[in-house]
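For the protein sequence lines, the chains are X, E, G and A, in the order given. Mapping of the first sequence onto the numbering used here: residues 1 to 341, in sequence order. Mapping of the second sequence onto the numbering used here: residues 342 to 682, in sequence order. Mapping of the third sequence onto the numbering used here: residues 683 to 1023, in sequence order. Mapping of the fourth sequence onto the numbering used here: residues 1024 to 1364, in sequence order.
For the record, the hints were derived by calculation from the structure and aren't laboratory data. Bear in mind the structure is a predicted one, so any value in this text is a computation, not a measurement. Treat the hints with care, as some may be off.
To be verified - DEER-style ranges, computed between Cβ atoms:
id: 1; chain 1: G; residue 1: K835; chain 2: X; residue 2: R276; range: 56 to 66 Å
id: 2; chain 1: X; residue 1: S258; chain 2: E; residue 2: E359; range: 25 to 35 Å
id: 3; chain 1: E; residue 1: Y461; chain 2: A; residue 2: Q1208; range: 50 to 60 Å
id: 4; chain 1: G; residue 1: P788; chain 2: A; residue 2: P1074; range: 46 to 56 Å
id: 5; chain 1: X; residue 1: V35; chain 2: A; residue 2: E1190; range: 30 to 40 Å
id: 6; chain 1: E; residue 1: Y461; chain 2: A; residue 2: K1247; range: 35 to 45 Å
id: 7; chain 1: E; residue 1: A677; chain 2: X; residue 2: T252; range: 25 to 35 Å
id: 8; chain 1: X; residue 1: T252; chain 2: G; residue 2: P788; range: 49 to 59 Å
id: 9; chain 1: G; residue 1: E708; chain 2: A; residue 2: A1298; range: 23 to 33 Å
id: 10; chain 1: A; residue 1: E1041; chain 2: G; residue 2: E724; range: 25 to 35 Å
id: 11; chain 1: E; residue 1: E424; chain 2: G; residue 2: K835; range: 55 to 65 Å
id: 12; chain 1: A; residue 1: E1190; chain 2: E; residue 2: Q390; range: 52 to 62 Å
What the hints assert, rightly or not - Below, a list of computed lysine to aspartate or glutamate pairs in the EDC-like style, where the Cα atoms sit at most 16 Å apart:
id: 13; chain 1: A; residue 1: K1336; chain 2: E; residue 2: D464
id: 14; chain 1: G; residue 1: K697; chain 2: A; residue 2: E1041
id: 15; chain 1: X; residue 1: K313; chain 2: G; residue 2: D805
id: 16; chain 1: A; residue 1: K1336; chain 2: A; residue 2: E1323
id: 17; chain 1: X; residue 1: K224; chain 2: A; residue 2: E1154
Quick reminder that beta carbons are idealized off the backbone N, C-alpha and C, glycines included.
Number of protein chains: 4
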Amino acid sequence: MLSFESDYITGAHPKILEALTRTNLEQHPGYGADVYCERAKEKIRAACQAPNADVRFLVGGTQTNKIVIGTALAGYEGVIAAETGHVSLHEGGAIESTGHKVITLPHQNGKLNAATVEQYLLDFYADGAHEHMVAPGMVYISHPTEYGTLYTKDELTALSQLCRRYELPLFLDGARLGYGLMSLQTDVTLPDIAALCDVFYIGGTKVGALCGEAVVFTRNNTPKNFITLVKQHGALLAKGRLLGVQFDVLFTDGLYFSISRHAIDMAERLKELFARKGYRFYMESPTNQQFIILENAQMEALSQRVAFSFWEKYDETHTVVRFATSWSTSEEDLQALEAIL
Amino acid sequence: MLSFESDYITGAHPKILEALTRTNLEQHPGYGADVYCERAKEKIRAACQAPNADVRFLVGGTQTNKIVIGTALAGYEGVIAAETGHVSLHEGGAIESTGHKVITLPHQNGKLNAATVEQYLLDFYADGAHEHMVAPGMVYISHPTEYGTLYTKDELTALSQLCRRYELPLFLDGARLGYGLMSLQTDVTLPDIAALCDVFYIGGTKVGALCGEAVVFTRNNTPKNFITLVKQHGALLAKGRLLGVQFDVLFTDGLYFSISRHAIDMAERLKELFARKGYRFYMESPTNQQFIILENAQMEALSQRVAFSFWEKYDETHTVVRFATSWSTSEEDLQALEAIL
Amino acid sequence: MLSFESDYITGAHPKILEALTRTNLEQHPGYGADVYCERAKEKIRAACQAPNADVRFLVGGTQTNKIVIGTALAGYEGVIAAETGHVSLHEGGAIESTGHKVITLPHQNGKLNAATVEQYLLDFYADGAHEHMVAPGMVYISHPTEYGTLYTKDELTALSQLCRRYELPLFLDGARLGYGLMSLQTDVTLPDIAALCDVFYIGGTKVGALCGEAVVFTRNNTPKNFITLVKQHGALLAKGRLLGVQFDVLFTDGLYFSISRHAIDMAERLKELFARKGYRFYMESPTNQQFIILENAQMEALSQRVAFSFWEKYDETHTVVRFATSWSTSEEDLQALEAIL
Amino acid sequence: MLSFESDYITGAHPKILEALTRTNLEQHPGYGADVYCERAKEKIRAACQAPNADVRFLVGGTQTNKIVIGTALAGYEGVIAAETGHVSLHEGGAIESTGHKVITLPHQNGKLNAATVEQYLLDFYADGAHEHMVAPGMVYISHPTEYGTLYTKDELTALSQLCRRYELPLFLDGARLGYGLMSLQTDVTLPDIAALCDVFYIGGTKVGALCGEAVVFTRNNTPKNFITLVKQHGALLAKGRLLGVQFDVLFTDGLYFSISRHAIDMAERLKELFARKGYRFYMESPTNQQFIILENAQMEALSQRVAFSFWEKYDETHTVVRFATSWSTSEEDLQALEAIL
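If we strip away everything but chain X, and leave its shape as in the complex, we get:
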């Protein structure tokens, strides 16, 4: 059945499989000490225009959030996130399992507003009562957000400046970063992100890799003994080359960007198709995830012919669903969808 269920319904970009196959019999040391990891790191630093950044490879998004946040916070600290943030809602309590609170603040279109964070910080530090409260220790945002929306460069800059004023590291979850960077409506570049964030990650799993996320520590702020911490979290791949080779391919000849752009092009056409057919959008999304409001019976009928994701209840008779494109979405997929709609 035709599927727009997510951006991880297919395998990897063919060039990745080719590279894995081509290098398969080479003998390399384990745990990320191979030459492909080194090359990939170098290419990522270059793409970020951040020659001193430290790049580390992990396997998945929740794992990355858990490790980055869990190792950055002091015992008395929590992480600030939008109430819609992935770490708040959809990681099975991964952050809390490291002993830390997720301090949730209201969102605006899935985004955390600098003013919202500032008001929270002002209130927190306004009185002496905060000794019995979890202290803010990091700010977490996702870009694109869980609703596919994007921070503008101004918004990101405001958050970054606020964070630096309060000495709070700013962490950007880029599980779908490629789709954000290649959106037609963004003014934020990868070097911008590297300049404005203290740590962020470049998502591979949802942008053409079999698995893998590249964490970038931008300010000489990699946690001490990071390899031991990664090992302790059960996240250190013996065959680290699996990650190195994939990111080496993704950051060769701009592949990460071109496949992301393809997904955006497909998303724009999907958007246009739904709009033309008179569907309502839950939120205006400039990236590869599109959220449509369906009447429940209509949703039921449609789900017999095309796969998509249930997102959330809209009201008693309507539901928000998600259609996602990816590097592998094809013209044929869109034509088939049009026929169905």
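Mind docking chains E, G and A on chain X? Use the hints.
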């Protein structure tokens, strides 16, 4: 440079890469709900002669140990392991990071003796003082052990019976299980393990996969809400098919066993070679890891021409080193080693 | 300086000190195995009309919340609480430090409404997406609440029935339980609480003891190996008699109730006094904590002559402050306050 | 029945109860911000000859070990302790529950030898493999030890110098510190301990208080936001004065030392009594705990007439038991014991 450093120096068995490539554009739901995971589970249940077993796929060994142990123990419990056990020494405190003590007992050739465990249990329950002590909640063994040694069927049966008498789950770490099952000197089969253990895993990463371990819960004892727990540990792959496809290939036409057997054949020749050249072995190992005692200057010289792993100090002038074979070790590798020795 | 800062500004009720002094040289076994703990448990069971309840003594409120919640929840579960709940806001992340999320829901006058909880549960179980979410595993309420308000018997019954339908233990934080039970406006008795809750505690620290809280497990639901768990949390007093003697005194001849009633009488007069003087109340409280809205300059002036607690900002020019009475509040204290106002 | 079961079988030194009673109606702020805590801290700093030390009060020994160790270690670190250490064996896994391993080393008469620790450190840092291992982050010793033995000043100095060389904080568990300081066979003073250790605690619970331990951070090394951390651990007493008053009394006119000396005098006579009657000692102890080897039938008979503690099995027919004296042991107790023996 020629390398016998580990069994994870190369990529995956070529059939795995072929299958990943062949199925790459198929669209499948994420998080392990794909058809390849289902097929692989069915084949593993058949190979275990355990039609009711529950099979789950995780990414790596430490992650698997952490999740299996961390989700099995009650808050007041710890896990019994040999002092040489991987969970005791070489996982960066992964078990303790879940809040649980590793209760270490003396080993015999890397193995945990049933009598040793029984004496500990008798002492523990002998007096009332144990309310202030961590209670034993699981027994962890590795097979092959960290020194490449193997439990006999009698030894494993004795441990299993003891554990059942005390209602302690027996957990077998099979990171290198294939090499144990295909050893020339074992009387333990995969169905034996499934019958005697409460939970164990079939290692993929070190036996021909890019990554992946197949956990087998043999007695209707999968922890409740296991998917949420795996997600919380940051171990739930979005593209779960990556694990499903690999184990489907490994358990088709006995590939897991035949490539393990190849590694054993290579190890036997390597052993014979070292013995012929007059080298001393630290421990007699019937599996793919061989531990050699080298005089320190000799070690230094040898390390210029062939890669191997430092293991531990033997005495002031000697060191124990490890040479490992795998599915990808070739005749040429052995000939090159012979030339060097 | 005159103080209404809290209900823990003085020591213990004199009868407690007399009993500690009288029994001081008696030799008793440690860790709660003394005769006073036994007697106190028996008296508490009788007061609760719960002959089969299991009573345990702990030292303080946050410790009790942490242990009760942390030992009740499975790894994949969190605790539901009002967003104003003590465990949500004012325990320094104690719950999260046990690895569990506090799932916050909107409050009504500091209370958690059964309908609010039910809607959350319906939404949670409405779709399949909850495998990536923390599952609700317990409901936490405080009575009196953090704002001094009280559940009616109907409200408590509704919560209890909902919880039993969903097999969620209902936990009542009774840090100030005496003041709730003796309120002039309550229809909830201690036996009601024992019948409706799965676990609750009778606060001692804030109701006349030097320290100590009595946890009551009402349904044969004490966590297994509870002593080890308490020890592990660093909460097992060597001289457990300190808690036993205190609760024995508090539950002899109804002392717990009579001193609570005294505090309520004092609170009613304090309330009447503030009302008479034209002060505004932030919330109508029928217990020993009264929340007054002060203009900021007025607050500043008042704070020079009487101690009270800053509670929260009301608006740019006003602040909510708390005045509390206790067993030790005297006529003279009220007269002095009247003179100041 | 006559009891030598422990040093916490009676209440508090009478002067403590007098002071609690005398100050009972005074109104003081909570959470340790009262004047008695301040006075006690000042007196302890003076007794330690450590004017810049930071003193904090906690409730019990395991709680203190858990908080001091848990807040000092980085995520990748564990604490070194003797295999007989209280944190290793008898705290229900409290340290591991904070996520950290207890790295156990062999003991000598209950003590950790500097040479043993140094060899461990040399081995740990000898090779590159330690990235997969828990790093040593603190050294824990108890003085007196769990067997009543004492470090000499030379031994303590050697440990201290080693720790400073490796930048490992040295933490001394002084649950029974008074008995160590007043031993007839010690050359270690309280100022010595303050000079040689990075953090230690002065036990109250087992030396005449109802409860309470005074933690001394000697080198400007109190963990940041310590109050929040203590709150999070459920260890922040609302009526902090309970601890302040007690330590104020204990450190007024040398009471802590004089009552400890009394216990030592009683222990010396008890020792002499057992020796005279021909009993064997398990270990020579110069403090208030004496370990006697009893034939099992003899133990059984004796336990009918006097209470003592089972310690450990000696062999199939003998058991090690403990007799403890304290501030409250009387001449009459010893005479009664002599009559029984």
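Consistency of the hints with the structure:
1. Restraint check, G:K835 to X:R276: a C-beta distance of roughly 58 Å satisfies the suggested window 56 to 66 Å.
2. The hinted range of 25 to 35 Å is satisfied by X:S258 and E:E359, whose Cβ atoms lie roughly 26 Å apart.
3. A hinted range of 50 to 60 Å for the beta carbons of E:Y461 and A:Q1208 is inconsistent with their spacing of about 35 Å.
4. Under the hint 46 to 56 Å, the C-beta atoms of G:P788 and A:P1074, about 52 Å apart, fit the expected range.
5. A C-beta distance of roughly 34 Å is found between X:V35 and A:E1190, which places it inside the suggested range of 30 to 40 Å.
6. In this structure the hint that E:Y461 and A:K1247 lie 35 to 45 Å apart at CB holds, the actual value being about 41 Å.
7. Look at E:A677 against X:T252: about 32 Å separates their beta carbons, and that is inside 25 to 35 Å.
8. Against the hinted window of 49 to 59 Å, the Cβ-Cβ separation of X:T252 and G:P788 comes to about 51 Å, which satisfies the hint.
9. Between G:E708 and A:A1298 the Cβ separation comes to about 30 Å, which falls inside the hinted range of 23 to 33 Å.
10. Restraint check, A:E1041 to G:E724: a C-beta distance of roughly 31 Å satisfies the suggested window 25 to 35 Å.
11. Taken as a hint, the range 55 to 65 Å holds for the pair E:E424 and G:K835, whose Cβ atoms sit roughly 58 Å apart.
12. Here the CB-CB span from A:E1190 to E:Q390 is close to 55 Å, well matched to the stated 52 to 62 Å.
13. Among the hinted pairs, A:K1336 with E:D464 is consistent with the structure: their alpha-carbon atoms are about 8 Å apart, no more than 16 Å.
14. Proposed proximity of G:K697 and A:E1041 is supported: the alpha carbons are some 14 Å apart, at most 16 Å.
15. Taking the CA atoms of X:K313 and G:D805, the gap is near 8 Å; set against the 16 Å cutoff, the hint holds.
16. Among the hinted pairs, A:K1336 with A:E1323 is consistent with the structure: their alpha-carbon atoms are about 14 Å apart, no more than 16 Å.
17. A threshold of 16 Å between alpha carbons decides the hint, and for X:K224 with A:E1154 the separation of about 11 Å falls inside it, so the pair holds.
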